[in-house]
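Participant: Sequence:
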Amino acid sequence: MSIEFAVKMTCKSCVDAVSEKLKNVKGVENFDIDLDKGIVLVETELPSSYVQDQIESTGRVAVINGYGSRLSRNTSGVNTAAVAILGGTVGYSTGGIRGIVRFIQADPDMCVIDGTIDGLTPGKHGIHVHECGDLSNGCERLACGIISRAAGLFQNTKKICACDGVTIWDERNVPAAGASRREFAERKKEADSCCAR
Numbered sequence: 001m002s003i004e005f006a007v008k009m010t011c012k013s014c015v016d017a018v019s020e021k022l023k024n025v026k027g028v029e030n031f032d033i034d035l036d037k038g039i040v041l042v043e044t045e046l047p048s049s050y051v052q053d054q055i056e057s058t059g060r061v062a063v064i065n066g067y068g069s070r071l072s073r074n075t076s077g078v079n080t081a082a083v084a085i086l087g088g089t090v091g092y093s094t095g096g097i098r099g100i101v102r103f104i105q106a107d108p109d110m111c112v113i114d115g116t117i118d119g120l121t122p123g124k125h126g127i128h129v130h131e132c133g134d135l136s137n138g139c140e141r142l143a144c145g146i147i148s149r150a151a152g153l154f155q156n157t158k159k160i161c162a163c164d165g166v167t168i169w170d171e172r173n174v175p176a177a178g179a180s181r182r183e184f185a186e187r188k189k190e191a192d193s194c195c196a197r
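Going by UniProt numbering, the first residue of the sequence shown is number 1, and it counts up by one from there.
Hints in this document: simulated from the structure, not taken from any laboratory.
Glycine included, each C-beta is placed from N, C-alpha and C at the ideal position.
Hints may be right or wrong, so weigh each one.
To be verified - Ranges of calculated distance between the beta carbons of each label pair, as one might list FRET restraints:
{"hint": "1", "residue 1": "N30", "residue 2": "I113", "range": "17 to 27 Å"}
{"hint": "2", "residue 1": "T121", "residue 2": "T10", "range": "33 to 43 Å"}
{"hint": "3", "residue 1": "C111", "residue 2": "T157", "range": "22 to 32 Å"}
Produce the entire structure from the sequences given, and follow the hints as far as they go.
Facilitator: As structure tokens, then:
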């Protein structure tokens with residue numbers, strides 16, 4: 001499995017720090033760092049959140065850009081990656097549960113599911129995927145989300161949201177939609193303007 005991260009790197013020292021860190025992470029099979037593109041590609045079976053934490057422990061911000069494997073394309077050559085967001089402004093949840101679940105068709109017989117869900121009480125929990133979108137009981141579970149296509153490897157080069165100018169580096173600190181996101185984008189634009197300096 002390969003995970004593509006956009007990593008905020010500015011110089012060779014950044015590359016060296018990330019490289020040194022990943023060399024020492026048990027379970028990282030291989031990695032490649034491209035300073036010019038700001039990309040770190042990691043081959044691993046470790047959870048994406050763990051690898052992201054390792055990269056960020058070097059002081060650099062990392063964002064998952066894509067997910068894939070050498071076999072993760074269907075017969076048409078289309079990547080078979082998907083994502084579901086739980087809770088927040090785009091999913092549904094009760095009690096503040098939120099998270100993200102990623103799906104990658106690793107081969108014709110296996111789908112790898114990787115995710116992070118915050119706000120669960122201690123104990124056993126399960127994940128249920130309804131192939132045909134069965135919401136006959138509504139969304140009265142702890143959390144649910146709609147599974148949608150996701151970027152595979154090298155399919156997401158975006159660094160700035162075209163609609164409001166929020167960068168991928170700021171994205172985690174900003175609501176996905178609504179007035180708060182607009183206000184953040186407006187404040188950021190004012191702060192970045194020549195008149196505000």
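Participant: Measuring from beta carbon to beta carbon, are C111 and T157 in 22 to 32 Å?
Facilitator: 26 Å, holds
Participant: Can the suggested window of 17 to 27 Å be confirmed for the beta-carbon pair N30 and I113?
Facilitator: 22 Å, holds
Participant: For the hint 33 to 43 Å, verify it against the beta carbon of T121 and that of T10.
Facilitator: Because 42 Å falls inside the window, the suggested range holds.
Against the hints set out earlier in the document, no violation occurs for any number.
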